[in-house]
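Let the hints inform the model, and build the full structure from the sequences given.
Heads up: the sequence shown begins at 31 in my numbering, then just goes up one per residue.
In short, the hints are calculated from the structure, not lab data.
Just so you know, even glycine gets a beta-carbon here, dropped at the ideal spot from N, CA and C.
Take every hint as true, because none was put in to throw you off.
Only pairs whose alpha carbons sit at most 20 angstroms apart, straight line, appear in this in silico EDC-like list of lysine to aspartate or glutamate:
#1 52 / 97
#2 92 / 82
#3 52 / 172
#4 53 / 172
#5 169 / 49
#6 176 / 48
Label pairs and their calculated CB-CB ranges:
#7 160 / 136: 31 to 39 angstroms
#8 74 / 170: 33 to 41 angstroms
#9 175 / 79: 32 to 40 angstroms
#10 134 / 98: 34 to 42 angstroms
#11 180 / 66: 29 to 37 angstroms
#12 63 / 84: 16 to 24 angstroms
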Amino acid sequence: MWIAITGTPGTGKSRVAEELGKKLGWKVLHLGDLADRFRTGWDKKRACWIVDHEKMGKELKKMHKNENLILEGHFSHLLPVDIIFVLRLNPSVLRKRLERREWPEEKIQENLEAEIMQVCLDEARETGKPVFEIDANKKLAEIVNKIVECLGL
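Laid out in structure tokens, this is it:
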């Protein structure tokens with residue numbers, strides 16, 4: 031089984047994925063670390079790389095055919111996963127986290143708008159796969175336990 035842990039940058043995807051991986055004994059792939067190999071260009075407006083999600087998904091399927099995997103990243107829901115968990119966070123908490131990363135105000139605003147407009151959640155729902163909205167304002171252990179409960183494990 032492949033699961034996606036997705037959400038707006040700053041919602042806690044990496045921490046949740048790592049903790050979930052430990053609890054389940056599953057491998058965690060941080061898609062941001064792999065994205066370099068699948069870049070197709072630079073988005074000047076958003077100041078970020080454009081990644082070929084389709085090519086990345088095909089390559090991952092070849093490399094990890096029969097493994098249980100946790101795919102972590104704000105575009106993990108666009109890959110060939112079985113189930114999607116979208117982390118949602120209070121925008122004021124999200125702002126503080128992004129400010130700690132010393133992101134430019136324009137980038138912070140873009141991500142706050144994405145969270146408020148539930149962009150990741152809507153994109154995940156459009157895939158037709160099972161989607162669970164997870165309250166990331168809770169403690170890490172509670173978040174992980176909720177995901178395990180949703181998985182029925």
